[in-house]
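Peer 1: In case you want the letters, here they are:
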Amino acid sequence: MKPSVIVVGSGAGGSVAAWEFARNGHPVVVFEKGRNLLPGLGSKEGLGRSRFSNDEVKASRSFENPDPILEPRTGRSQREAQQGKDRTFVGDINGLPTTVGGGTVHWDAKVPRFWRQDFKGLSTHGPIANANVADWPLTYDDLAPYYDEVEARLGVQGDLTKMPAATLAQAPRARPFVMPPNPPMYVGTLLAEGARRLGYEAYPFPMAVNSQTFDGRPRCNSCGFCDGYGCAINARGGAAVSFLHHALQDGVELRTRCFVHRVELSPDKKRAIGVAYFDADGVERHERADIVVLAPSAIETARLALLSGVPDRSSQLGRNVMFHFFTVAGALFTDPPHGWRGPSSTLTLDDFVGPVKTPAAKAAGIAYLKGGICEVGGSIAPGPISEADFYTSVPGTWGAPLKELMRTAVWRTRVAGLSMVGEDMPQLANRVDLDPAIRDVYGMPVPRITYSAHLFEQLASAYFGPLAAALCAAAPGAVGAGFIPIATAGELTGGFGSALAGPSSTAHIMGTARMGDDPATSVVDAWGRFHGLENVYAMDGSVFTSSGGFNPTNTIMSLALRATRHITGGASTLPAAGAPAGTIAATGGSRATAIAGAAAATAAITLSATRRTASHDPG
Amino acid sequence: MALLAFAPPRRVEALLQATAADGAGRFLNAHEMTTLRALVGTLLPGPPLDRDPGGVEAGAPEAIDLLLAAFTFDPPLIHAGGPFSNRNGATHDDFADFVPLDRMAELAWRIRLEGSLGRKEREFAGPVRGLQQIYRDGLAYLDAHAGPTGFAALPAPAQIVILENQADATTQELVGVALANAIDAMYGPPEYGGNRNLVGWTTTNWRGDVQPRGYTDAEVSGPDPTAGGAAPASTATARATFDRFLPAAVGTHTPRALWWLA
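In order, the protein sequences belong to chains F and D.
Residue numbering for the first sequence follows this note's numbering, starting at 1494 and increasing by one per position.
Residue numbering for the second sequence follows this note's numbering, starting at 2 and increasing by one per position.
With the rest of the complex left out, here is chain D (with noise of 0.2 Å):
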């Protein structure tokens, strides 16, 4: 590992390939890695529970790896490159080459990825737990709330019974922060590492970036039946959805405490 050390973000590719042989992360150990593409498994699952690739075929539990050991590159993988990829008629990715950090972007990210760790010039605001450590204690804590086995060896509805328990703030302070970053990595740009054969978007019907083609006058101003999502939803189902998502629909209920409605 220690070769691959500030590796130019170029190769993340290969690193990922390469490191998936052992199945330690740069950051993670081996274990860890296991349980989270356990954890990511059934936050974003893939077959059989779901039928299109999941979270961890999309590799977000190695992109997850790749933003908590983001200092080991440098430039470190926190912000990709523009303006463009080489997706939509540009010839060179430039979302692959990463941007510097100066010295206070750094600090920042230090502090989001290591947390404050006792250092005075990192607790200006107070102590800050960094999302390594949230990983670290949040994995070791799912295991050992799973049995002897651990997370991973348990059969998915019981790993979701356990990840669905509201009560528990340790566990949902690790879901909350594995379900934001697992969204970012396979719905993201897969220069970060994850949305690997672009999975995150064919399924989706979505994409991606779209410079510097853009849309035609065309696209932009009329109808497209093809724009829709990649299962077309049913009348029922999509007003299902909309009627979850909106709470205040008219003629609908009317929220209680909006008491002016009423």
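Bound-form chain F, shown alone (with noise of 0.2 Å):
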């Protein structure tokens, strides 16, 4: 009998590792805290109808998001927990999709690679003052292989012909991608033209969404409620359509409504012998199993981390929580770009990464400026609801006036432009811990985040946010053009309360459980797993040792495949690098992962013989 696991989560880590476990004969119980929103999910039927629908109401009204009022999480500044303040904000913090699937139901699907560089960043570009810059305990080319297989199950599309040089040297690939580019959006074409103009290279942003039918699921029709939206279509690939689905196809057990609130360690604190949990009904149970995988994201993984008195002994846990740090830059064109027609973007633009080395970062002490990804070409409020709320962000804004803006509709129409993944640098004093005095719905501590800028990513936004202006200021059309260094102005008008922390969130959250091999100074190992317990892994962004400058959601799962493999002993569900390519895109159903060759068609056939469901001990 292979070792039972619990898995803690079903996004982006949980549903890759429940995966992998699941096709190497493990028995598996996934826990999931919210709702299962996929009809058919797990079925031998397949995906049934989608809930998910081009509606802006419901997209605000926590459908598949967390509802603050259950879940809240609290906030404030380093300046305000010097002071002693326990908080200053209550509510929605970065919150990520609380459903089956996690933050991939309505993610932007974005799947650039890390960098070479991103995984030294202290060997290779050196220390930032009053930053906790490390080095990760892997490599890119360690990573490289794991990238290959998730991308190939997601159905990642892209045009590595279009590819820049640069971007290649730092994150080379072995194999062509699943399937090719969208059809490029007509903003992306004009901020492309812009771009080249000032010898700035855009190209097809690598993206889990369907160009052509992949994986029993339509190709994407553009619809333009993508980012934020569930597909209405099943057209994009994510965790749970691209993973647990085949997962639970192939025995894996889904618990939703389940919320694990305690990882629980034997007397020696060596080893989890299991969790609890409060179930469906709000009735704390427990479960048993040889390994536990956390993969709840990195908030919640550090939550649950210190709620079970998980051992620390470097004092990392819960450090260094990282958001990534938005800037956005803007075009007004003559004639509308209709950003809103296609998968959010279509292009991508690598310029701006870094690192770069300028008189301004010299003066304020700072060796090295790094930017991040763009996604170039988008609207910036795609639709009426989004641009409403925009404009009456200004106090006052409404009556006869908004009445005009919204007639003329400047902001949707006419104004387009790029966001910038900004690189957030690791700092121990951002940190989640438990809030002293605020429960959620389960009676339990919530998540207290302590979040400031560094000056690092405040100077790359003030430094990027005019180049990136000027591109779209060189775009045919454009007559106008500006930017907003949205995650700076949000912590000037109010930090987690401002009226732009909505535009300023990435929900992308990394570090908390830091991986490193020395046991002083990190969390985790190279493999995820606790320093000091035998079986806890953590396999989400909080594993993270720098937040680079791009959207973290494949660099998650190659890490928890990377990961889980070591501990299965699996084998690649990939041909080897050069043989004919396409194969894993002409597949369907789950068994057919077992297309490696004949080992895992074995390894396939053992694991049905095997199944079973873990322990289970009513509490």
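Just so you know, not all the hints are guaranteed correct.
Some chain F residues near chain D, calculated using beta-carbon distances under 7 Å [to be verified]: (1) Arg1544; (2) Cys1716; (3) Met1899; (4) Ile1931; (5) Val1934; (6) Leu2026.
Worth flagging that the hints you see were computed from the coordinates, not collected in a lab.
Heads up, the beta-carbon is just placed ideally off N, CA and C, and yes, glycines get one too.
Each of the two chains sits in its own frame; use the hints to bring them together as a complex.
Peer 2: See below:
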């Protein structure tokens, strides 16, 4: 009998882990705090009709998102913490969907890879004052095969021939993309021309969106309700549809509306014996397993580890939380660029990743600056409700002036641009801990986030913002351009409670259980295993040692696959690099993962004979 | 009204027409509805203050009342269904089939709408004033500050003066909530009870939901002069709007707080 596994959280890391464990014959139970909003998930008949829709109202009503009434988070700045304030905000802080599939249910599905330099920040670029810069305990080359495999299952589109040489040097690729890019969005084409005129290089954004039928799901029809919306036609890959769906078909058990609130440790605190959780009726229960995987996302992993009394020799648990630092730039166009038609954006640009050395940074005592990847094209307000919310964020904007703004619709129909996912420096003082007073619906202490930006990302935003604005201004038909260092603006106008907190929120949550080889300076090892615990792993964004300047989900999934594969000893589902491409793209059902060859096929037969449910111990 | 309790959401439109006659809503009484219409008519004005239909014409007050009374429907009128309406190629309007709430989602929405009401199981994070109370108290407060005739009978400029008072926290609480709810009702899908005759979308040249049709490759990748707002902005208007909402625009003044830009 293979060791039984509990996976906490069905999002990016958890679904990948469950899939890999199940493929290799481990009994797996996945606990998900939210509902299952995906009819047919895991069924033999396949995915059913989506419950998601082109509906701005539903998207804003905690349909898939955590409801801050049930699960508030609290926040404060570093300065407020120093002043002894317990919190200055209660509500939503970077909440990721609380539902089966987690954040990938409504993600933008942009899947860039981290670069070589991101894994070796300290040794490549050196320290930054008052930041906790460190190298990861692994390299790009260690992770690359897992990127390949994750992307093959997600069905990632892209065009290798159009990728900049600098990008491929930092993130080399052994295989072609699964499918060609979506039709380019008009606005992206305009901005790409602006980029070209200034010597920058935009290229098709690698993304987990179907440009053709794949894995039993249809081609994207560019409806535009993409980032922040569950897909109405299941054309977007993700944790649930690309991994958990097949894992469930392979016998994984999924328990929804079950909130794991404690990892139960052995008396010597050297291993986990299982978890305690509240079931859908609010009854506390216990589950036993040989391996416990934490993947509820970085904030919740820190909270769960703290609630569980996980040993913390390094005193790093909960610290170094990182969010990415948005900068937005936009142009005013003479003719409507209709930036809402398409999957949020179809092009990207790496010219602002850095590092760069600037006089301003030097004057501030910072050796270098780094920005991040940009979404090129896309509307700043893709629908009238988000547009109206933007206008009304200026107090007193209502009445006839608001109606006129909505009628001319300048912001929605004439302004478009790009957003930069800026690297966020890890800081010890940016941390998640347990709020001393506020409780959630289960009666458990809620996570408290203490966060202030480092001068590094503020300067980077101020440095790259004008370059991004210049790019926008150079686009054909642009008659004006500008930028907002929106994350900086959010901090200056109230932090988590700012009217800009929403627009400046990246929902990229990293750090809190950083990986490293040294137990004195890190929380988990290179495989996500907690130092000092034999069988507890973190497999979500919590393990990130740095945040890079790239959307993190591909890296979360690939790290989870690498860590799980280390435990299972299983084989890759990909043919050896250099074999004819396209094999994966043609596959459908979960059993087709056995295409890796006879060995994997044998394993699949073995697992179906040994499957069982992990022991259930009603509390 | 009792007979209408727990009516299926598909009948929302018929219900709205039926309740319009006596002026009472499903949660708010007739006088409160009158005050709410005056409030919404000021926040999102229609003729004569604005040339296009406004929040009242869109049915936003009735939609707000339906939200406050969401739990008199089964399933509650919180999350419209999916994946498609019948406006873009599908024959059945899935939006009208509202999604049932489970136990936890129902608790959240009961707290949001009804408040915690002093019940222990609702006050795990402290007491919460519900939207029903905020509207009931806020509308009464507006009336109390409008003189003997009540808020609804005041001339529009007087209503605007009351609502513009940023120093009055009670009024601003109501304005904030009602504005957000009225925007949802006017510019969101009509299945929620507002956006009558799609006036929120036709007056802004917005197609609304587009599935299952989506956009063609040509619509995605090529120019489309008809994709602008309902009233094409002059460059001067557009520029003024742009500047107002882009404080750090290149070439304009630098906010003093952003010292490193100086």
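Peer 1: Run every hint past the structure and note whether it holds.
Peer 2: Results for each hint:
{"no.": "1", "hint": "Arg1544", "result": "5 Å, holds"}
{"no.": "2", "hint": "Cys1716", "result": "5 Å, holds"}
{"no.": "3", "hint": "Met1899", "result": "5 Å, holds"}
{"no.": "4", "hint": "Ile1931", "result": "6 Å, holds"}
{"no.": "5", "hint": "Val1934", "result": "6 Å, holds"}
{"no.": "6", "hint": "Leu2026", "result": "30 Å, violated"}
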